[in-house]
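Colleague: Protein chains in written order, with our numbering: chain A, 69 to 283; chain B, 69 to 283; chain C, 2 to 334; chain D, 2 to 334.
Calculated directly from the structure, the hints in this document are not laboratory data. Note that beta-carbon positions come from the ideal geometry of N, C-alpha and C, so glycine has one too. Please note that the accuracy of each hint is not assured.
List time: in silico DSSO-like cross-link candidates among lysine-lysine, alpha-carbon distance up to 30 Å [claimed, not checked]:
{"hint": "1", "chain 1": "B", "residue 1": "Lys-189", "chain 2": "B", "residue 2": "Lys-121"}
{"hint": "2", "chain 1": "A", "residue 1": "Lys-98", "chain 2": "C", "residue 2": "Lys-232"}
{"hint": "3", "chain 1": "D", "residue 1": "Lys-125", "chain 2": "A", "residue 2": "Lys-192"}
{"hint": "4", "chain 1": "B", "residue 1": "Lys-189", "chain 2": "C", "residue 2": "Lys-94"}
{"hint": "5", "chain 1": "B", "residue 1": "Lys-121", "chain 2": "C", "residue 2": "Lys-94"}
{"hint": "6", "chain 1": "D", "residue 1": "Lys-232", "chain 2": "B", "residue 2": "Lys-98"}
{"hint": "7", "chain 1": "B", "residue 1": "Lys-192", "chain 2": "C", "residue 2": "Lys-131"}
{"hint": "8", "chain 1": "C", "residue 1": "Lys-289", "chain 2": "D", "residue 2": "Lys-29"}
{"hint": "9", "chain 1": "B", "residue 1": "Lys-189", "chain 2": "C", "residue 2": "Lys-131"}
{"hint": "10", "chain 1": "B", "residue 1": "Lys-98", "chain 2": "D", "residue 2": "Lys-230"}
{"hint": "11", "chain 1": "C", "residue 1": "Lys-94", "chain 2": "B", "residue 2": "Lys-192"}
{"hint": "12", "chain 1": "D", "residue 1": "Lys-94", "chain 2": "A", "residue 2": "Lys-192"}
{"hint": "13", "chain 1": "D", "residue 1": "Lys-131", "chain 2": "A", "residue 2": "Lys-192"}
{"hint": "14", "chain 1": "A", "residue 1": "Lys-121", "chain 2": "D", "residue 2": "Lys-125"}
{"hint": "15", "chain 1": "C", "residue 1": "Lys-29", "chain 2": "D", "residue 2": "Lys-29"}
{"hint": "16", "chain 1": "D", "residue 1": "Lys-42", "chain 2": "C", "residue 2": "Lys-289"}
So the derived list for chain C, only partly shown, Cβ under 8 Å to chain B, looks like this [unchecked claim]:
{"hint": "17", "residue": "Ala-86"}
{"hint": "18", "residue": "Pro-87"}
{"hint": "19", "residue": "Ala-88"}
{"hint": "20", "residue": "His-199"}
{"hint": "21", "residue": "Glu-204"}
Partner residues are not named here, just some residues of chain B that face chain C (Cβ under 7 Å, in silico) [to be verified]:
{"hint": "22", "residue": "Gly-106"}
{"hint": "23", "residue": "Leu-143"}
{"hint": "24", "residue": "Ser-144"}
{"hint": "25", "residue": "Ala-145"}
{"hint": "26", "residue": "Gly-146"}
{"hint": "27", "residue": "Gly-147"}
{"hint": "28", "residue": "Gly-148"}
{"hint": "29", "residue": "Ser-149"}
{"hint": "30", "residue": "Pro-152"}
{"hint": "31", "residue": "Gln-190"}
{"hint": "32", "residue": "Gly-247"}
{"hint": "33", "residue": "Lys-248"}
{"hint": "34", "residue": "Asn-251"}
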Amino acid sequence: MAETIGYDEMVRMLRGAAEKVTTQHEMLSKLDAAIGDGDHGTAMRRAMVCLVKAVADNRSRDLASVLNDVGWAILSAGGGSTGPLFGTFFMGMGEAAAERATLDAAALAEAFEAALAAVRKQTKAEPGDKTMIDALVPAVEGLRAAVEEGLDPAEALERAADAAQQGAASTKDMLARFGKAKNLGRRTLGTPDPGATSVSLIFRGFADGLAAGGT
Amino acid sequence: MAETIGYDEMVRMLRGAAEKVTTQHEMLSKLDAAIGDGDHGTAMRRAMVCLVKAVADNRSRDLASVLNDVGWAILSAGGGSTGPLFGTFFMGMGEAAAERATLDAAALAEAFEAALAAVRKQTKAEPGDKTMIDALVPAVEGLRAAVEEGLDPAEALERAADAAQQGAASTKDMLARFGKAKNLGRRTLGTPDPGATSVSLIFRGFADGLAAGGT
Amino acid sequence: MAMKKFINDPDNLVSELLEGYALLHAGKIRVTGSGMVVRAKPKDEGKVGVVTLGGSGHEPALSGFVGEGMLDISVAGEIFAAPGAPACLEALKAAERGAGVLFVVLNHPGDVLAANLTMEMAEKEGLNVKQLLTHEDIAGGPRSEPEQRRGLVGCIPLYKLVGAAAEAGRSLDEVLAIGDAYERNMATLAVAVTSATHPATGEAMFELADDEMEIGMGQHGEAGTGCTKLKSADETAETMLEMLLKDLNVQSGDQLLVMINGSGATTLMELFIIFRRVHQVLTEKGVKVACSRVAEDLTVQEMAGFQMHIGRLTDEMVDLWNAPCDTPFMTVR
Amino acid sequence: MAMKKFINDPDNLVSELLEGYALLHAGKIRVTGSGMVVRAKPKDEGKVGVVTLGGSGHEPALSGFVGEGMLDISVAGEIFAAPGAPACLEALKAAERGAGVLFVVLNHPGDVLAANLTMEMAEKEGLNVKQLLTHEDIAGGPRSEPEQRRGLVGCIPLYKLVGAAAEAGRSLDEVLAIGDAYERNMATLAVAVTSATHPATGEAMFELADDEMEIGMGQHGEAGTGCTKLKSADETAETMLEMLLKDLNVQSGDQLLVMINGSGATTLMELFIIFRRVHQVLTEKGVKVACSRVAEDLTVQEMAGFQMHIGRLTDEMVDLWNAPCDTPFMTVR
Ligand SMILES: Nc1ncnc2c1ncn2[C@@H]1O[C@H](COP(=O)(O)OP(=O)(O)O)[C@@H](O)[C@H]1O
Ligand SMILES: Nc1ncnc2c1ncn2[C@@H]1O[C@H](COP(=O)(O)OP(=O)(O)O)[C@@H](O)[C@H]1O
Ligand SMILES: [Mg+2]
Ligand SMILES: [Mg+2]
Ligand SMILES: [Mg+2]
Ligand SMILES: [Mg+2]
Chain A
69 MAETIGYDEM VRMLRGAAEK VTTQHEMLSK LDAAIGDGDH GTAMRRAMVC LVKAVADNRS
129 RDLASVLNDV GWAILSAGGG STGPLFGTFF MGMGEAAAER ATLDAAALAE AFEAALAAVR
189 KQTKAEPGDK TMIDALVPAV EGLRAAVEEG LDPAEALERA ADAAQQGAAS TKDMLARFGK
249 AKNLGRRTLG TPDPGATSVS LIFRGFADGL AAGGT
Chain B
69 MAETIGYDEM VRMLRGAAEK VTTQHEMLSK LDAAIGDGDH GTAMRRAMVC LVKAVADNRS
129 RDLASVLNDV GWAILSAGGG STGPLFGTFF MGMGEAAAER ATLDAAALAE AFEAALAAVR
189 KQTKAEPGDK TMIDALVPAV EGLRAAVEEG LDPAEALERA ADAAQQGAAS TKDMLARFGK
249 AKNLGRRTLG TPDPGATSVS LIFRGFADGL AAGGT
Chain C
2 MAMKKFINDP DNLVSELLEG YALLHAGKIR VTGSGMVVRA KPKDEGKVGV VTLGGSGHEP
62 ALSGFVGEGM LDISVAGEIF AAPGAPACLE ALKAAERGAG VLFVVLNHPG DVLAANLTME
122 MAEKEGLNVK QLLTHEDIAG GPRSEPEQRR GLVGCIPLYK LVGAAAEAGR SLDEVLAIGD
182 AYERNMATLA VAVTSATHPA TGEAMFELAD DEMEIGMGQH GEAGTGCTKL KSADETAETM
242 LEMLLKDLNV QSGDQLLVMI NGSGATTLME LFIIFRRVHQ VLTEKGVKVA CSRVAEDLTV
302 QEMAGFQMHI GRLTDEMVDL WNAPCDTPFM TVR
Chain D
2 MAMKKFINDP DNLVSELLEG YALLHAGKIR VTGSGMVVRA KPKDEGKVGV VTLGGSGHEP
62 ALSGFVGEGM LDISVAGEIF AAPGAPACLE ALKAAERGAG VLFVVLNHPG DVLAANLTME
122 MAEKEGLNVK QLLTHEDIAG GPRSEPEQRR GLVGCIPLYK LVGAAAEAGR SLDEVLAIGD
182 AYERNMATLA VAVTSATHPA TGEAMFELAD DEMEIGMGQH GEAGTGCTKL KSADETAETM
242 LEMLLKDLNV QSGDQLLVMI NGSGATTLME LFIIFRRVHQ VLTEKGVKVA CSRVAEDLTV
302 QEMAGFQMHI GRLTDEMVDL WNAPCDTPFM TVR
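If we strip away everything but chain A, and leave its shape as in the complex, we get:
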């Protein structure tokens, strides 16, 4: 059942991500309040409302189309640094999924790699700079490694979520060099990066959503 990701599976993944992030938005704002301007949870909640609406409105049954709509909707919501970066992420996935009815494990890894590349085109942040990149990179690399080991998409997504979670946790001891947190300098030590935490929630949501089964 989870050997490939089709339209319905992708919709479950997207909704899973939205649910995970939405229930945690207050925690995300608290992290941002400590080392940014306190609005990351609000921005993510808004982005997830747009995601859910884009998914509901999309009747194409086309993978690329729903990912593109989700990306565009998140971009349209604005929302500081979050909108452009997460919007680009989904649009990058969509581009990679163009013309495909389903994604097998290898194609899924490719799509996430394309998404990561799209994000990295927008920012100079490198791993270690205390941004969402610190969760995104290990998530995508972990997924690729799992696929190479022959795991199926569901298992690979679990691995990606674990890696993202570790990556997000590792930002706690980093010094912020990007975004609004940068200006706080050493005061950013001790708090994990909100954006990286969101990435970890999103991947956990992907995995949970897919695992939940359904149609």
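Since the structure of chain A is already known, use the hints to place chains B, C and D with the ligands on it.
Modeller: Coordinates of chains B, C and D with the ligands only, in the frame set by chain A:
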């Protein structure tokens, strides 16, 4: 020596008033802070600076002239309710002293009555309304009574100062019906009226200034 | 706690702020030694002069509206204190261009005392001056007791109307009649949610609990109609508007000027939200918002709150409001 | 403690404030569903369009300057958050009148991300757009590292100069050149003395001790160059001006634009006093204050403090500054 008030005696009275008020300006502001806007001491200090300057600048050796200049200077300083009322007071005195080289006790009483009348033309406040009127009226009436009893100006001014002080004290239990204090309603009970307190200080200063002797 | 204001010696507050204002708007106004803020280019001969007076600390306040099409002279007093009658008399003389002068006075005890003295002196000197008192604060007392009502931000549209009429060459009686008609058709109500610091004394001007607001607050922190619990923007707007409409007996079909005047720390963001609700309610009631303004015109230092002002307009008044003017804080092309 | 702001549901803050703004200035601007604030009367065909973007919560901010002679469109985001690239792309298309569009972007992370995406999309669609990034906050880093410097209130005079040039019919390259020249000749520094409340979260944006101020404070409460003890108005003005003059290497004989921009709760009274001192010091140094403005243009909610901005002007720029314009928050006759 204090049988009549000439130019020099009047100057001593005026300077005595200024000294008394100036040293007490913080107390006056505190009273006004409790039941008004806290600026009465500042306004009175400014008025007294103008008074002292007007006295110093006046070389006429003419009673009416120096009183007029003092009144005009206090009017010019502005200062909320204080400027117009105290300015009018001194201008009223000046008008009554016109053409006189000296004031005997009766003439002094007349001059103060004229000053009071000038003030009362400007305001509808009656005794009991918790304003400077509550000190002015007993001061002028006390002075008149003392003069009728045959006291000399110095003694009469002491009586006026005592009456003003009592009048000011009596405002403590009154409800303000004029000025900025009016809006505070029952919150004005328990604090004496700042303007009435100033009147009491001015009359005490008149008496002390005259008694201090000098030229 | 140290006062968190950028000032120097409090004794020089007013002279320094006027100095800065004069340097800033040298093209439009100048400031005289006696604290008069005067149009840089005097009005043409044969036109009615318009003069006002008021304490400082409310910037931009009255002096912000000196210039072509509004005020000829504003006489500035010390912080929250009226200027002296001698300066006002000087202003009346200076504003005389051969057609008389309108002297607009806000109903505050010190201002009225100074103005009355000024009028006595002006009469003695035979000047052609008419006085117009503004008293539109509905928190002060009922409409039948105007002397109980304080003058609030309604003076600003009034300056605009009489200023435009004067600039158009109307006679003193006509200018007075227009001002008087607006005065009798306006109503204002203020609300405060935080206190302000008196810049000269450094003291808080009043106290308000953390979850309370006071409707009916005066222009210097004078108490209003009592404290109530904080309400949402819409509820606050509706409550205050209802009181104003009732006081002025506004009917469907009337056209109004609506002003929301920030008192200091309340943001334009909030004032826009309040204005939005006022506009919605009036539209629902069939009342036309013909003219409007949202600004910080008459402030109470950094007090958070606002004044809501409405005025019933004739068509002529709408034209006067829209007439060109050029002052530091209101320019109409 | 309850937040002492007049708002309704925090989720609707921006849509409600824009609604109020649109009702208030219906003659000058209108607001579209996607949060664009657009000139009510579009610019003539054949003239360069000027578009900008920025978060809300800084009112009047960028959207306050949409109108003849300044901006054609300002794209408003959520509170302190840039709008989305799709809305910006829509704005660039709408502002195209056949002569290309200048896209002015303030250097803040979210704004730059959105703008870069927008520019990518615009390129794909073949639009004739030039981007101009403003970064003049000298607290961010040295002049040699412009990417470290935030965009502050310098955008407002920049809009005025490029807006006037565009209105005068200059080409896109010329308009860009003027904007670029001003951008390279401006410097801004902010100071804060009290924090503000984030209107959506209700939380204080930062903390400052009772007797401290922070020079170099950013536009959203981002830390600056560190806290110092409160100083008098004159000392504060002198310290900040010295830093700005040094950064911009201002020389005797230069002519400057000087702006003092209140961030919220600081009164005009104080801003006038500060401006006075700046004017005095510049005059002593033989530097001419050719243009000036003291206002609350770019606020940080009810934060007390201000931005001091200077820009070196050519004679042409002085003329552009003085050219007529008609926007809700700046009108020149
Ligand atoms: N230049 C950047 N590159 C990568 N991620 C960034 C960058 N700037 C910010 N972020 C991410 O965005 C998060 C903050 O998002 P959010 O609070 O929504 O936006 P804002 O900083 O505009 O308020 C940070 O925790 C960080 O992970
Ligand atoms: N209408 C009035 N009649 C008589 N005295 C008045 C009146 N209004 C105010 N006062 C006096 O003025 C005093 C306040 O003076 P001050 O604080 O200097 O002026 P303001 O009230 O304008 O701040 C009051 O204590 C009262 O004695
Ligand atoms: Mg944030
Ligand atoms: Mg007082
Ligand atoms: Mg303000
Ligand atoms: Mg403000």
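Colleague: Which numbered hints does this structure break?
Modeller: Of the numbered hints given earlier, the structure breaks none, since each of them holds.
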